[in-house]
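A.B. asks: Next come the chains, spelled out residue by residue.
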Amino acid sequence: MRRVAALATAGSFLLTSAAFAAEAVKTVPPQIDFANPLLKSQVVWLGLIFLALYLLLANWALPQVAQVLETRAARIKKDLDAAMTAKAEADAAVAELTAATRKAHAEAQAAINAAVDTAKAEAAALAAAANDRLNAQLAAAEARISAARAAAVGALREVATSATTDLVTRLAGFTPATAVINAAVINAAVDHALTARAA
Amino acid sequence: MAAAEPSIDALGQFKLDTALGALGASVNFTNSNFMMLVAGGLILALLYFGMRPKAIIPGRLQALAEIAYDGIYSMCHEQIGHEGRAYFPFIFTLFFFVMFGNLLGLLPFTFTYTSHIAVTFGLALIVIVVATVVALRIHGWKFFTYFFPEGAPKALAPIIIPVEVISYLSRPISLSIRLCANMVAGHVMFEVFASFIVMMAASSMLGHFGIVAAIGPMALNVILMGFELLVAFLQAYVFAILTCIYLHDAVHLH
Chain A
1 MRRVAALATA GSFLLTSAAF AAEAVKTVPP QIDFANPLLK SQVVWLGLIF LALYLLLANW
61 ALPQVAQVLE TRAARIKKDL DAAMTAKAEA DAAVAELTAA TRKAHAEAQA AINAAVDTAK
121 AEAAALAAAA NDRLNAQLAA AEARISAARA AAVGALREVA TSATTDLVTR LAGFTPATAV
181 INAAVINAAV DHALTARAA
Chain B
200 MAAAEPSIDA LGQFKLDTAL GALGASVNFT NSNFMMLVAG GLILALLYFG MRPKAIIPGR
260 LQALAEIAYD GIYSMCHEQI GHEGRAYFPF IFTLFFFVMF GNLLGLLPFT FTYTSHIAVT
320 FGLALIVIVV ATVVALRIHG WKFFTYFFPE GAPKALAPII IPVEVISYLS RPISLSIRLC
380 ANMVAGHVMF EVFASFIVMM AASSMLGHFG IVAAIGPMAL NVILMGFELL VAFLQAYVFA
440 ILTCIYLHDA VHLH
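In order, the protein sequences belong to chains A and B.
Read left to right, the first sequence gives residues 1 to 199 (the working numbering).
Read left to right, the second sequence gives residues 200 to 453 (the working numbering).
In isolation and in its complexed conformation, chain A is listed as follows (with noise of 0.2 Å):
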């Protein structure tokens, strides 16, 4: 491209100063035309223009904008900065948030502990107390039990002598002695138990 350019001027150049010179008017182009007085103190201006507009540039126009950008700067680093602060306090207060429930948990888990410990221990002495009482009333019923078979199979014995020493009487028309009665029933009863075991 710099080329196609760069030889597009020394073309122009060369046809245009040809023409000139064909029609004798001017040969120079006014960029190298050094009789002309224009072109020196064209460059002296220059110096002058460029340094004051460097001059003014520097000292004036472009602090301008530093300060403003700066200013931009400072205002973003301080809202950053808030914003920081802001994060930390929010996550200093999850933190102590998430602390402080992980603890009312921890205490309400021990409490809950606490009453079912107790609770269990109330329940084991109540179902013990009981089982003590169910056993000796149990125990009391056995006894009982017992000594009302043992009162039962006395007066069994009285019963079946009575009853033989009434029948004897009634049959034979006179009282037997309480012996004989007595011996009698007992092989009775042998037999009775021999047959019911033979049976």
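In short, the hints are calculated from the structure, not lab data.
Take these hints with a grain of salt, some might be off.
As the list claims (entries may be wrong) - Derived DSSO-like pairs: lysine-lysine, alpha-carbon spacing no greater than 27 Å straight-line:
| hint | chain 1 | residue 1 | chain 2 | residue 2 |
| --- | --- | --- | --- | --- |
| 1 | A | Lys120 | A | Lys103 |
| 2 | B | Lys341 | B | Lys353 |
| 3 | B | Lys353 | A | Lys40 |
| 4 | A | Lys87 | A | Lys77 |
| 5 | A | Lys103 | A | Lys87 |
| 6 | B | Lys214 | A | Lys77 |
| 7 | A | Lys78 | B | Lys253 |
As the list claims (entries may be wrong) - Here are some of the chain A residues that sit facing chain B, going by a computed Cβ distance under 7 Å:
| hint | residue |
| --- | --- |
| 8 | Pro29 |
| 9 | Leu53 |
| 10 | Ala58 |
None of these values were measured; they are calculated from a predicted model.
Positions of the beta carbon are idealized from the N, C-alpha and C atoms, including for glycine.
Place chain B on chain A using the hints.
C.D. replies: Then chain B, alone, in the frame of chain A:
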């Protein structure tokens, strides 16, 4: 071209003249210098009116001024390094002085001061003098080791040193010719195609068809304007970035 009455005066647009009336004429103040004043005034006005609101959230003009500032500032910082801050106003002045010269020259009835080799060479001379003074100030006599790279065989010194010196001294030449040639080429092409428009439309040989045919060079000029706007910015950028590179060499040596 026997009866070529309307010839193409492609270089007339670069002709220097005095400006600002009799006062300007008495001190040889040229039309070129007048455009420099306009350019400088516009640059200062952009920064003054742009930054006047001093808004935290910038408006359009302030954003433009800030982009101009930031763009050149980061260029200095990236190319020269941390020390680039000191040369930022210089690079800023240079870039916008060249760019406004290029852009103003694209407006009708203006003068393109960057199309004068005397002006661009003057600017390049300022650049090279500043760079050399900076280098001498920072490094003193050590600056002259710049012309002989470290570790190079001593036997090659008679070749290397002249080559380095010549390449150093050719910097302002290439810097100034690049800018001037680009501007001249663009403006000559504008003038040539614009002349074609008039010549074709007025041609007795082409008749009414000439008016239709004149659309061709006109379209070319429209396209060329877009291209030249790009070149105007690009050449200012190249000028500024090369200055940055020269200053980097001056500050860091090698």
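A.B. asks: Evaluate each hint against the coordinates.
C.D. replies: Structure-based check of each hint:
1. The suggested pairing of A:Lys120 with A:Lys103 holds, with an alpha-carbon distance near 25 Å, which does not exceed 27 Å.
2. Restraint check: the Cα-Cα separation between B:Lys341 and B:Lys353 comes to about 17 Å, which is no more than 27 Å; the hinted pair holds.
3. For a cut-off of 27 Å, the pair hint linking B:Lys353 to A:Lys40 is broken: about 44 Å separates their Cα positions.
4. Under the criterion of a C-alpha separation no larger than 27 Å, the hint pairing A:Lys87 with A:Lys77 is consistent with the structure, at around 15 Å.
5. Of the supplied pair hints, the one linking A:Lys103 and A:Lys87 holds, its CA atoms being roughly 24 Å apart against a limit of 27 Å.
6. Restraint check for B:Lys214 and A:Lys77: the C-alpha separation of about 55 Å exceeds 27 Å, so the hint is violated.
7. With a CA separation close to 18 Å, the supplied pair A:Lys78 and B:Lys253 stays within the 27 Å bound.
8. For A:Pro29, the interface hint holds, since its Cβ comes within 7 Å of a Cβ in chain B; the closest pair sits about 5 Å apart.
9. This hint holds: A:Leu53 has a C-beta 4 Å from the nearest C-beta of chain B, less than the 7 Å allowed.
10. A hinted interface residue such as A:Ala58 counts as satisfied when its beta carbon comes closer than 7 Å to some beta carbon of chain B; here the least separation is about 4 Å, so the hint holds.
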